[in-house]
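Residue numbers (this note's numbering), protein chains in the order written: chain A, 1 to 466; chain B, 1 to 521.
Mixed in with the good hints there might be a few duds.
What the hints assert, rightly or not - Just so you have them, the derived chain B footprint on chain A, three or more residues with Cβ under 8 Å:
id : stretch
1  : 43-53
2  : 362-376
3  : 453-464
Derived by calculation from the structure, the hints in this document are not laboratory data.
Think of the CB as a built atom: it goes at the ideal place given N, C-alpha and C, for glycine as much as any other residue.
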Amino acid sequence: MTIYLLLPELWLLGLVCALFVASLKGVKSVSGWLPAAAGIGVLVALMGVSARGEMLYATYRLDALSQFFKLVIALGFAIVTGIAAGKKDDADMTPDYFMLLALSAWGLMLLASCVELVTLYLALELSSYSLYALIPLRGQDRRAAEAGIKYILFGAAVTALALFGLSYIMAAKHTTYISALAASSWSFADAPLAVVGLTLFLAGFFYKLALFPFHFWCPDVYQGAKNETAAYVATIPKLGAVVVLVRLAAFVTPHMEVTDILAILGAVSMTAGNLAALVQRDVKRLLGYSSVAHAGYVMLGLAAGSAAGLSAAAFYSLAYILMNLAAFYVVCTMSVGGENPSLDDLDGLYKRAPALAMILAVAAFALVGLPPTAGFTGKLFLLSAAWDQGYHWLVIVAVLNTAISIYYYLSLVRHAYTGESEAPAIAVPRGALVFGGLLAALVLLLGILPAPLYDLAAMAGTQLHP
Amino acid sequence: MTTHNGFPVVTALIVLPLVAAVVLLVLRRNEHTTRLVTLGAGILECLLALPLLGYAPDGPAFQFVEHAPWLPALGMSYHLGVDGLSLYMILLTALMLPLCVLGSWTYISKRVTEFHFCLLLMTSACIGVFAALDFVLFYVFWEAMLVPMYLLIAVWGGPRRRYASIKFFLYTLAGSTLLLAAIVAFRQVGGTFAIPELMEKTYSFRFQMWAFLAMALAFAIKVPMFPFHTWLPAAHVEAPAAGSVLLAAILLKMGTYGFLRFCLPLTPAASVTAAPVMIAVSIASILYGGCIALGQTDIKKLIAYSSVGHMGFVTLGIFLFSVKGVSGAILQMLNHGITTGGLFMMVGLLYERSHSREIADNQGLGKFMPAYMFLFGVFSFSSLAFPGTNSFVGEVLVLIGAFAGNPWVGFAAVPGAMLAAAYMLRLLQRVTWGEPTSFKKGWYDLGAREWATLVPLALLVFYIGLAPSLAIRTIEPSIERVLSAMNAKNQAMGLTPDMPLAQRMELAAPLTVAQSADLAR
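Just chain A, with the same shape it has in the complex (with noise of 0.2 Å):
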């Protein structure tokens, strides 16, 4: 029965179809059972590991990789889910933005399982329409709604663009099976209108990973954006953008010129984003600088293209998702009125919330790539694979740009724990305090025991490239 197959996005688009019904019937909160199904969410997507086959006349395709990376977004999104539980108090938290935010957590399952560019870019714009809605949610701000129309009007362009490189590969291929397409040549010399229309659709992703010269509104809409919202943006969405360059990284052999543009661009964009993050003062908008760094991270394992690389590129997602989404757990949890926190507001955190500052100094230190955290052991894997495949100066680039974002990430320690502060206690709910440690334990015990998941990544990586 190919419908138990399919169980983790049935059970997504449950979830989607039950907050629907909610918000009809104007159910105010929804934060006593949506974490929970959420949570169930990951065991059941857990359980379709496993699940292999093909469906749709083979444009949808379920293996290893996908498979995976919906255990991921299930992950991500029963994380997220729960982290907005913990406002009770908030008005805004509705069926509907919920019910906003899984319709987008649907689509990038979708995504994940989509073997055909034109699926693949509608389950895209499945993902990416709900947080057109999303991100403006802050009504009232001046700020939210600049970041919304920067989403949305940025978000347009390079969705046009991507559909234009779209043609160009139908043009040059006939073809829109990412199988048919790999079996063909990718050099420059071969086709170059498929390469250039494979840079423009791959520009639509970059767009979504906010990679340096596609991140721009990465900051302003971190900063504009409500703290859950971001929290979600900042990274499930990041997934998607993943699962798909790695499944169009796998029929680029290392040292072709995309993956030289991938690694120009990854090395870039570490370089940017890390630099441009020393300066900032807003912890979101220093978060959002931070991404653009990783991004370009998780582009030394698509660019050494070889199955070791896949592989590092997906833990690593899982690892930036769980450490960022610690971060972003600790300012929505601080920021009593929902305003975005400063450097400053971090203060004497160690005394205000002894746990919370615990669990912000775990993910910043994994954000840095310090061992025992999941973020030292995903950098290793990135390394160790582009140094495999030959790029000895992106290593080196990305070492060296390890050492720039100590700076920062420090900083947020650093203000939470040596800082003084004359600010009340932040009284934080026990249950929102045991998610929170489960959160940093669970960065914890990837970095200290990543087999188990890493196999997993590495049967989606050996699959793409036997």
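Given chain A's structure and the hints, the job is docking chain B onto it.
Relative to chain A, chain B alone:
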């Protein structure tokens, strides 16, 4: 998991402080209980380390080996072991934990649980660094100890603690990021992260040079060698007493340990090529550290700069590549830990009494605190390498090695020993017999707890000073192993002493037996 005699002693040494740290967080009782629990953990840690004394110098290279798979897909494993290079470092780390707790008993009064939590994490990570036989595992411990040390300086430090802690963190982490690149490169070339396996392979000269440069930067910053030393005085001066003790006794040793564990065995040809530069920089460190120490008015700063000089002797000994030189270096690593650790502990006690670290504010104490001054004298004499004390043996071995290798090197290093006598005697003279600037009520002599903190270190000063052969006998076989492997590899490669650099760069690694067999087929 394979272990030594069924009991994973090294893992136990790493895990016990972690367990104690978790217990502290869970207990969150009053400050006194926190101190008692940590002290208990420290004493237990020392007892747990006792089986390591059963190390057999003539036995296999690595003993107490523990091995378990970690991430087989990438060739990473949980691999620990002890040899003559790491044995005493591990013992010293275990010993320092209870002493640091005792030394901070009254010194630390705010955020006591967190302080002891950091101490315990540090101990665990430091033992891990010295025991790791997997390159990634080593790096994990190497970096993991930065965070508690950063917090020790940043939270419990002096007035400029923010500046000092950031400088410490940025310097050391920036240095070690290149180490990570080297580790990745070694895996690609050597095919594994296992250090013993990597040691058996030879690498082309060009690769060795790049790897050496990347690793040496990380280690030189940690030592610290001139001119990468600027983080050290700031960190030492601002850190609380226990932090300074850990920095001096353990952290600085990690750099020199890195040279011995990685640079010499993995990049032997590059080490030989870089030796003249390393020796020159070591001598510069010795002289620079001594001269700057001479001009200090702050006791802690003086000892911090003296550390730069003392560690210069260690790196000098290492890059002499003679058994005498290297055993002197290892002994000096241990000695510096004991002596400078003791001195920092004593400065901490003084600061508790006078709330000043200036020599001018702490003069003429001989009359009020004879016992204190007696022990201060012991450590000071050890620091200036007085015969009969531990440092004398180490320093003399290094100097003998230096003179045997090249008399000029020996001559260049000797003024360092004289400078040490000058600044330490000047300090001792003023603190003991100087004109008391003010008589303070606080001038009470050592209490029982303080005696208990200092006496073990003072005993070690004399024990190693009078019977050094016991330690040297354990260390030497490991050194001989490293040096003979190093020479054999360089010979097999065809490296000759007078070969110009351009020609060296062309030296490829000799074929391994398996590779030659493949070619013959």
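Hint check:
1. 43-53: violated (count 0)
2. 362-376: holds (count 6)
3. 453-464: Answer holds; 3 residues pass the 8 Å Cβ test.
The structure is inconsistent with hint 1 alone, although it conforms to all the rest.
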